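Residues per chain, in single letters:
There are 2 protein chains.
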Amino acid sequence: MSVGPEPAGPSRKIVDAVLFDTFGTVVDWKSGVAEAVEAIAFRYGFDVDPVEFALRWRAHYQPAMEPIRSGAREFVTLDELHRENLIATAREMDLPIDRIEAADLEWLNRAWHRLEGWPDSVAGLTELKRHFIIGPLSNGHVALLTNMAKHADLPWDVIIGSDVTRSYKPDPNAYLGTARLLDLPPERVMLCAAHNSDLAAAQHLGLRTAFVARPHEYGPSQRTDLHATGVWDVIARDIPDLAAQLINHTATG
Amino acid sequence: MSVGPEPAGPSRKIVDAVLFDTFGTVVDWKSGVAEAVEAIAFRYGFDVDPVEFALRWRAHYQPAMEPIRSGAREFVTLDELHRENLIATAREMDLPIDRIEAADLEWLNRAWHRLEGWPDSVAGLTELKRHFIIGPLSNGHVALLTNMAKHADLPWDVIIGSDVTRSYKPDPNAYLGTARLLDLPPERVMLCAAHNSDLAAAQHLGLRTAFVARPHEYGPSQRTDLHATGVWDVIARDIPDLAAQLINHTATG
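Protein chains in written order, with the working numbering: chain A, 516 to 768; chain B, 516 to 768.
In isolation and in its complexed conformation, chain A is listed as follows (with noise of 0.2 Å):
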């Protein structure tokens, strides 16, 4: 039996929220991707690099956002878009994608479905979760975010994905919308992410922003995105790091 209403005041945490972009910054989709790469080219024989494969499908995704963000084009996933990428990453490195299978092609395009972790990622956010509403804000979709938090046991709380708020980052309302339906103030949700410029977006619509290096994102040879190079409220060498900064900060005040 409860004894009344909690007195009112500001929460001692930092935020209620902490959400993280999650391809390159809690799963690692260059392995994940670069593996069913593979395991495609086994099976038809194919004479591919599936690292390359994976980079340079990947170098289709930015782009192929902007028509949605600029308004030019209606709202799709990444179901979509990935496979219209895959056809034409296919095309560039003479890769003969019509000799495979409809049900191995969508095999392939959902190995966005099944990425795996970093290897601090699940630890990090179950400790997260003792103290915080933890979730994606990921341009991912609900299906694939969901898919993915089965296949890597990522233990989200909630998940609102680009089909919900149907806007890709760094469009605001991909912020903002997630924010609302959270019914919290931007202030009590923080951004994690490994790309600066993603935090930038965030921290100019007033979250709090924690920054998580990932270099090898990209493999050995990555330039960008090797350090935090804005103010942000966190910079944490992986996610444990940044619960136990966090966490710290909360029990002190």
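It should be emphasised that the hints constitute simulated quantities derived from the structure, not laboratory data. In this text the structure is predicted, and so the values were computed from the model without any measurement. Built from N, CA and C at the ideal position, the CB exists for glycine as well. Hints are supplied without guarantee of correctness; some may be wrong.
What the hints assert, rightly or not - Listing some non-contacts, in silico: residues in chain A with all C-beta distances to chain B over 10 Å:
| id | residue |
| --- | --- |
| 1 | D594 |
| 2 | T661 |
| 3 | A664 |
| 4 | P687 |
To be verified - Within a straight-line C-alpha distance of at most 30 Å, the following computed DSSO-like cross-link-like pairs (lysine-lysine) qualify:
| id | chain 1 | residue 1 | chain 2 | residue 2 |
| --- | --- | --- | --- | --- |
| 5 | B | K665 | A | K665 |
| 6 | A | K665 | A | K528 |
| 7 | B | K644 | A | K644 |
| 8 | B | K644 | B | K528 |
| 9 | A | K644 | A | K528 |
| 10 | A | K528 | B | K528 |
| 11 | B | K665 | A | K528 |
| 12 | B | K528 | A | K665 |
With chain A fixed as given, assemble chain B onto it according to the hints.
Same frame as chain A, now just chain B:
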């Protein structure tokens, strides 16, 4: 390293997702709301029967959604409907609601975010989660359902609130819009509810159905929904029994 795509063919599982009505089916709203009413009554020295207040507050629930279902009113969340219904209930019961401070009134209204599961709910959901996507299919909105899950340890994989589909059950879009966001055909989604009318709406739209009796939802004098009154796919004693029946079906079917 994956050796390649899975062989094609139908999944052996009866469905991919098992979704739940929440108020009454997963959580005990009557006890939780009565407890908050009692705490407020104690603080303000009000003489009120907390359970009767909770039942009357809930009696406004279905009528309040009608104008939104019919299109006569724009969608608003249950927080807003609950607030209106709270004021109406206080008037009916001669409770001097104007004496309640704004923060306490908000705390009372958000009792619907702080409900506890029935004793079997968490164990049953935890077992189902090992085999199926689980989530609410509720008239609650994302923030309410997220707060409820944190409070009651409900281990949902995904939360698609009424403010995502902007529909209140039994509006067909509440069921079909949720299935669409999961990228599943209706027949790959099961609704579990303690309310035959909810299951009838879902079945009519092609979803699978499971009835779990909650004969004390409204208290000892409850006369409705004591038994399954339709031809549902599963009739279960409680959520662990539902899990046992579905997982047994998966293993043998």
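A quick look at each hint next to the structure:
1. The beta carbon of A/D594 is not kept farther than 10 Å from every beta carbon of chain B, the shortest such distance being approximately 8 Å.
2. Not every Cβ of chain B is farther than 10 Å from the Cβ of A/T661; the closest lies at roughly 5 Å, contradicting the non-interface assignment.
3. A cut-off of 10 Å between C-beta atoms contradicts the statement that A/A664 is not in contact with chain B; the least separation is 6 Å.
4. Taking the minimum C-beta to C-beta distance to chain B, about 19 Å, the non-interface status of A/P687 holds against the 10 Å cut.
5. With a C-alpha separation of about 19 Å, the suggested pairing of B/K665 with A/K665 holds against the 30 Å cut-off.
6. Between A/K665 and A/K528, the direct Cα distance comes to roughly 29 Å. Compliance with the 30 Å bound is thereby established for this hinted pair.
7. Under the criterion of a C-alpha separation no larger than 30 Å, the hint pairing B/K644 with A/K644 is consistent with the structure, at around 17 Å.
8. Between B/K644 and B/K528 the alpha-carbon distance is near 13 Å, which keeps this suggested pair within the 30 Å criterion.
9. A distance of roughly 13 Å separates the Cα atoms of A/K644 and A/K528; the hinted pair therefore holds under the 30 Å criterion.
10. Between A/K528 and B/K528, the direct Cα distance comes to roughly 42 Å. Violation of the 30 Å bound is thereby established for this hinted pair.
11. Of the pairs offered as hints, the one joining B/K665 and A/K528 holds, with about 16 Å between alpha carbons and a cut-off of 30 Å not exceeded.
12. Restraint check for B/K528 and A/K665: satisfied, since their Cα atoms lie roughly 16 Å apart, inside the 30 Å limit.
Against the hints set out earlier in the document, violations occur for numbers 1, 2, 3, 10.
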